[in-house]
Every structure is written in structure tokens, then in C-alpha cells.
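2 protein chains.
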Amino acid sequence: MRIHTLIDAVQERILSQRLLNRIMTPEEAAKGFKTGMTVCTSGFGTGYPRLIPQALAKLGEAKEMTLINAAARGVKHIGALIEGGCLKKLIGFQWSEIGRNAINAGKLEFIDCHLSQISSKIQRGHFGEIDVAIIECCKIYEDGSFVPGVSGGIVETLVDCSDKIFLELNLAIPKSLEGIHDLHVPLGKSFSSPTERAGLTYCKCPLDKIAGIVINEEIDTDLVFPEVKPLHKEIANQVVRLLKNEIAKGAIPEDFTFQCGTGLVINCVLIEMMKMGFKNLKMYTEVLGEQALLGLLDGTISEASTTAMDITPSGFSTLYDNIEKLKERVIIRSLDLSNGSAQILPMELVSLNGVLEADIYGNVNSSHAYGSHMVNGLGGSNDFCRNAKISIFSTASTSKGGAISRIVPMVSHVDSTEHDTDFIVTEWGFADLRGKSPKERVSLMIENCAHPDYREMLWDYYNGAVEKCGPCQTPHNLPLALSWHQRFLDTGSMKQTT
Amino acid sequence: MRIHTLIDAVQERILSQRLLNRIMTPEEAAKGFKTGMTVCTSGFGTGYPRLIPQALAKLGEAKEMTLINAAARGVKHIGALIEGGCLKKLIGFQWSEIGRNAINAGKLEFIDCHLSQISSKIQRGHFGEIDVAIIECCKIYEDGSFVPGVSGGIVETLVDCSDKIFLELNLAIPKSLEGIHDLHVPLGKSFSSPTERAGLTYCKCPLDKIAGIVINEEIDTDLVFPEVKPLHKEIANQVVRLLKNEIAKGAIPEDFTFQCGTGLVINCVLIEMMKMGFKNLKMYTEVLGEQALLGLLDGTISEASTTAMDITPSGFSTLYDNIEKLKERVIIRSLDLSNGSAQILPMELVSLNGVLEADIYGNVNSSHAYGSHMVNGLGGSNDFCRNAKISIFSTASTSKGGAISRIVPMVSHVDSTEHDTDFIVTEWGFADLRGKSPKERVSLMIENCAHPDYREMLWDYYNGAVEKCGPCQTPHNLPLALSWHQRFLDTGSMKQTT
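Sequence lines, in order, name chains A and B.
Here the working numbering is used: the first residue of the first sequence is 30, the next is one more, and so on.
Here the working numbering is used: the first residue of the second sequence is 30, the next is one more, and so on.
Certain hints may be false.
Pairs involving identical chains hold if they fit within one copy or between any two copies, as the list cannot separate such chains.
Unchecked claim - Taking lysine-lysine pairs in the DSBU-like style, the calculated list, with each CA pair at most 30 Å apart, reads: (1) 278 <-> 262; (2) 105 <-> 218; (3) 233 <-> 304; (4) 117 <-> 193; (5) 218 <-> 233; (6) 60 <-> 233; (7) 150 <-> 418; (8) 150 <-> 136; (9) 218 <-> 418.
Everything labelled a hint here was simulated from the structure, so no lab data went into it.
In this text, all values refer to a predicted model and were calculated from it rather than measured experimentally.
Here chain A stands alone, though its shape is the one from the complex (with noise of 0.2 Å):
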């Protein structure tokens, strides 16, 4: 009975007899890979291959990988080949706890790229030539042609430059789905609106690159929602406020566009808003949470561009049981699209992102613990903050109980420069940068940013470095500009002993 359920489902799903033939185990597929091979998948959050990476672990014969990818994650991708010992270089956004481990204790060599960037880098030959992809969908035409999952990231660039593909078909996405990607949109294209449509429903695939087609039953994605604590809701009231501030100053209109991440501060932003009766505002955005999911059945949003979904089991239920209706107000598209500047400019968002730590003059660390840690990459933070309207950097003020101030003297790695941050926001306001000089920024940060536990330590590192080098355009006092990163690595607190 299952049996026959499962060949109608193929059978509706795989439109080519042909195709239909080449139907293996992830195992049989597994067997195709060599070591010291460049592997490239589809994914996010969501949307990536899992059966053929867990057989490639299970299997164990190809060793020392390059896996290339947008933003997978997930124990049963990036987890499955770190753990089988398959990889040696990972290229595309970190941020799960295996990768990064890996990474940190030397096993895993990784280039983190802006996301806007990794397509193009692909096709230039950056990572040199792909031997093969993995890329998940959810339907196949005859002429090879397939919907992908939820996530749009690389995809069409992968089927570009790769000669043989493994597709790892979804029959738990529904065939509903069909119709919410706009791909293969003519290069440099902008829109008007975040759901204008420029392209195809469908990623183009000659039939012969197809090398085997893997069935997967099960849901694409093992997100889960950390904990909302009271410190995530009071950071995001000051987000909230200073975006009704902008509003009330005529910056941005009430309906704005805005792109954002999907951490929790950023998932209690989309709550306020819901609650405050914000409506008709638009997205434009690399990744949708399910509180955005939310936001657009109520009407809070009316309209989304992105190009993964990021959500939960539970997202997954609210997309598919309100798919018909989600289909007519998102959009998903290529990773190049939804982080091109090109196409960024024109919608003048409002990005929010989260960021690591910030220091006095406005600099951004978004992905080095101490420096030198990898902790997440860089991801799409620095395309949205260097073209957005207006960019706003979250962080509660401390960590680790307080032991970590994220408002330093110095950052201690740059993933986005004083040049590119408008706003930052920690639980005890927010430091509006814009037209301030380095030094005018100093007492905003310490004063509406840091913890007040910190700021006479960093009034203090400022007023030295001023005797130190004179008023001139950001001062430093060089062997301390470091020294609290260093004081946290040698006593575990940022905090000096008296």
C-alpha cells in the first residue's frame, strides 16, 4: 500500500521517463564521489540535500571534500560529512556548532564570503571546477527542469557550472510549492516591489547532467527556536523604537521595506510590530523566519523577497497549510538577487541584523570571537548594511553573564566598517551614527550602548588614548586597544580586578 503511495508520488513528481530510471539509494549515489573531490549543495536553513551526505559519511571513501554551499546546516548535511571525516574545506556561511568546531580546531579549512558574491565566484573560478552538486527540489519536468525546495541560494548557478548532478527529490514539500521561486531573472534586473517577477517558477536543467535522482521523505530542516529571555524584548523595544522614531521623522514611511535576519531579537521586532498594528510593510530579505510567516497571513507584511526559508517544523506547517495564500505574497529567489546590491539600492531598506561586538567608532565584528574564533561567517550582513537606507546592528550589550562587554575599544576582527553602520542597538538604547565623526560617535556608544557596568572602563580607554595620540580622528592607545579581548582569554571576565 505505502509502496504504491510512494510510486504515484514519484511518478507525479518526476515528469520523465527517463529520469524516472535513474531513481537510486543515497548510498548508490554515494558511491559516485571521490576523495578530494569539490562537492556543492543547495540550502539554507532549509533546502538542502541530507541522504546523500549521510551515506557519503556512513560510506566513508571520500575523504578531504571542498563542499561549497550558500548556508547549510543541519546534523544531517554539514554534521553528516565533518563527523564521516569527508571534508577538508568548507566554502559559503558557517553556523552550526560542528562547523564551527571544526573549523577552530584546524580540521575544516573555511573561506567566508559575502553571500551576494558566492555565485559569481563560483562561475570566475574562485574554488576552481565543481565535480559535482547535490541540490534538493520537489519536482522534476521531462526536460530535467525541477522546482527546487525553499531555498533558492546558488542553485541556478550550480546546474550552470556543474556537469553532473545529484537531485534529492522532497515528497514531504508539497506539490503546491510550484510557482513561488522567480529564477533565471535577466542579469542586473531590479524590481519595483519585493514580489515584482522577472524570471521562471523553475531552475533550468538539462536532462543529462542529471546523474541520479535520491527520494526523501522527510522534512528539510532540524532548526529549532532557542528560548525568547527578557533581554531579547527589551533589546527589540529599542529597535522598535527607533524605527518609529525614523517614521515619525519622515526618513522612512510607515509601510518601509526592511530586511532582517532570524535570531530571536529579530523575531520579538517582528512581534512588537504585530502587536503595535504596523502594516503593509515589505520585506526584501535573505532569509524569512516563521514569525515573518506570521506577519504576512495578518497583513503586518504584505509582500517578501527572499531566498531561503528559515523555520522550524512549525514554520513548515504554517507555510504548507497556508500555501496558497503565501505563495501570492513571497517570492523566492537566487542568493545573488536577494543580497545584489543592485538590487538592495533601490528598495531602500531598513536591515537589522545581529552583530558579535562593536567598538566605540562603530565598527562591526560579525563573526571572530577574540579574533581569531570563527563563531558564524559573515554571511549577507555586510550586503545589506552597505546598501540599506538604513542599517541597524542589535546585541545585548553583554555576555556570559556580564564577563563579555560586545561594546569594546577596539573590535578584534572587521566584518563591516564604521562607513557601513547607521545604527547600533543594545537592551539600553540605541547610538545613531549617522553624519557623526569618529570621535562624536564615542560618547554615543558609551553612553546609549554600553552596559553601564562598562562605560567608565571605556570613558577611561578613550580619554587615555586621546592623551595618548592627541584628539586626532580615532584615537588609540595601541598595546590596550585589544587588551579586554586578551583580559577575557586570560581571567574570564572583560572586567578589570581592582
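Starting from the known structure of chain A, fit chain B onto it as the hints suggest.
Positioned in the frame of chain A, the structure of chain B alone reads:
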């Protein structure tokens, strides 16, 4: 006789009777300026007003003004205003010695911007209201519209955002310059070739905004070209070797499109390319130097788009003696288009810029000495390297007679991150950072770029960092990361005393 010639010349260039009545002396114009005003001017190394700024300085009544410009410099502009004690704040690119000294002495607040964004930041009100604009031009039409000088810059924006404009009509610019500009290009327009035209050859300006016209007869530059040394040629030879490599590999075509600054190394690169018979190169650039004009005349370069000429008096002779020929091959655009990502991306540019220092991981400092003192602003360097197909930063491996290494453990300020730099070049060779993880970049930076005197010290730093924090993403030894800069400040040399 001279007076009659002058009257004729003026009447030929001011086509409105009403505006002829608004001709005034610089001193009369200067009386309209008050303490605390925000003043905007046209200009780069050329094309900036000179008579009103000098009169303002001499009059000495208007103090504590904010000056916004794109990249104007020169002793008769920013020099006069600073010496006259007129300014408290400067916004835009800084590259004059007098500006540098005032900024680092704490006498002048300076806001450094990506030059692509200065127009939008003015329009968005980051710098408040503009009280007066001063713009150099070479012809004024009946309705108030005018032909700017040899700098497009932010002229369009100044007219949009100012209610009161003084024009400095420069009779030293031949009338035949008319036709070289391409202004008022539709928003978001990108170009199929550098000299594709999409706008008007003049800047629209309501007649009523023009508060006065001052007549200038001087050539508009005080740029001088410093002496070329063998070292500059050695660096240039490495750049040319790199370009030929890329052509041989098919990464760029033989007639590639490039952007470049106007420093000595770039000049030598152009001379070398002319010697080697490069043909039909194209430029899509921010500033066009005199060597590029010669390249345009001899066919090395077939066409160029720029926002300004940065040329000495001899370059003006070349330009004006060949104006008809050059007008067919050169377009002067607005700064937001010359430096705009939407325009740069489709050009698939080779970007050639100088750099103050780079670190072993490929981060670049374009602006600050020892992390604190402004040298020059970052200008358009990040606009281009962020969006170019191939971004090349060049520098001598040392300066101050070897006391400073330009390749350091950690840059003391970041203007372009590791994600934006493809090549670092010195007289010793080049590091191709594309597709390399941070740790993989280290040996390229040390062995190919650093001066041999500093290589062992750099390896010591790196190996010590790995020992201290393990082979993580970006090994750093924080207490030593900026110690080279501090040692230079303390001892006059980055070299270790044994």
C-alpha cells in the same frame, strides 16, 4: 582692450540677461556666509571653486562652518578655508596635507565616507540642511542650467539640495568642454559600455537658486606630480605581470575594463601598458589622470568614464589641446554613478588602488596611520574593490627607509575587509588571495609581498599566534597583534632590536 575681451567672453558664457546682473566679486559673495553654516562645493583634484573660499578666508567672519564636498583639495579651497579658521567639520574625501594636519590636531572633525554614498547621505539628511553651495562651471544657460568644469562629482545633488548657489564661472576652461558630461541619468541605469550616454550634457538648475556668479580666469588645479622612482616601476611591473597572467588564463579579456587611482604606481602601470602595446582598454573610473589622457590619445585606452579629471597644468594642456578627440572618448558622470555598485558590477572591472598597509590575512587599511591618524580618506577604494571582478591593491613593501613594513600582523584600521581583496601587490610580487582561507593566505602574503627583512618576523608572529590560540580560523596573538605599530611609535622602527 582686456576688459572688452573679458566682457565678450562672459557674455558668450552666461546666456541669461538676468544672471549677467548677478555677477559679483568674490568678496561680495563671501558676505552671504555666516558662522555655523553648512557649505557644499563641487570638485575633486580639479573643478572646485577657489575665489569665494579665498575671499571667505580673507574676510574671516564666517567661522565654524561645515564643508561638504566630494574630494576637493588645493590650497585655494580647503587650504584657504582651514587657514582662515572657517571650518569646524569636513565631510567627504580628505587628501590634502593641510586637511590631514588640522584633522589630526583635533581642529577639524572629519567624516570619511564611501564616495559612492555621499550624494545619498546628503539627500537623506545625514549632514543636516545645506545653507549654500559653491560650484565651478564653464557655461550658464538662459534658464540657469550650467555646464560644470572637469568634475561631475556631487554637483547634481548640490543643486537639488541647496536653495542658494554661487557659481564660479571659469573662463580658463575652453567652451568646447561642453558636451563631455552625462548628467541626470535615470536612477539605477547601468551602462553597456563606459561611454554609453543616458543623460544630459549639462546640470539643470533653477535660475532663482543662483545667488551670484563670480568670474574666475585661472586654470583649476594645483596638483603637481611627484617624482617617479625605480621602486614605483618595480611595483608597476608586478601589477602588469599579474594582469598578463590573468589575460593568459582567460580570466579577463585583452581589452579589459579597469578603474585606477592616479598615484605614481598607477601612472607607471599605464606607461608600461602603453609600451607593451596593450590596445583598446576601457576605463570605468572615479578619477582620470593625465597618463590616462595620453593612453586615450594613442589608442591604449579606447574609452573612459570618470567623475573627474585629476590632472596637473600639463594635463590640462593635453586635455584642452585635444578636446574634440577626447570628448568622443571620455564621459564625465556624477559620482554616485562613477562609483555605483549597480554600474560597476556589469563592467566586470579590474580595480587598481593603492593601500597604506595590508595584513597577513588580506585586510586592508587605506586611511589611518597607526590606527589613529588620518592620512587620506578611503575615497572610492571600497566602492571599487567591493564590486570589481578583480580587485588589486598595491603598495611598496616598506616605507620610511624600511622602518615601516606595509605588510603587518594585523592592520591597525580596516577600510576593506579580507572579503574584498583579491590581490595584494608589492615590488616583491603578488599574493592571489582568491579562493583561499585566511590561514592559506599567510604564506602568500609573507613570501610574495613582504619585504625580506620582515618575513621572518611575520612568520614568528603567525607561528606564535597558532601556538597561542591553535590553528583556528584567523590565528592572532592579541597582545602582539598591533605591537609593530606601537614599536614604530616608540622606537621609530617596526624592526625588533636584538
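Now the hints, each set against the structure:
no., hint, result
1, 278 <-> 262, "within (24 Å within a copy, 54 Å between copies)"
2, 105 <-> 218, "neither (36 Å within a copy, 44 Å between copies)"
3, 233 <-> 304, "neither (42 Å within a copy, 47 Å between copies)"
4, 117 <-> 193, "within (21 Å within a copy, 63 Å between copies)"
5, 218 <-> 233, "both (19 Å within a copy, 28 Å between copies)"
6, 60 <-> 233, "within (26 Å within a copy, 67 Å between copies)"
7, 150 <-> 418, "both (26 Å within a copy, 9 Å between copies)"
8, 150 <-> 136, "within (24 Å within a copy, 44 Å between copies)"
9, 218 <-> 418, "both (19 Å within a copy, 19 Å between copies)"
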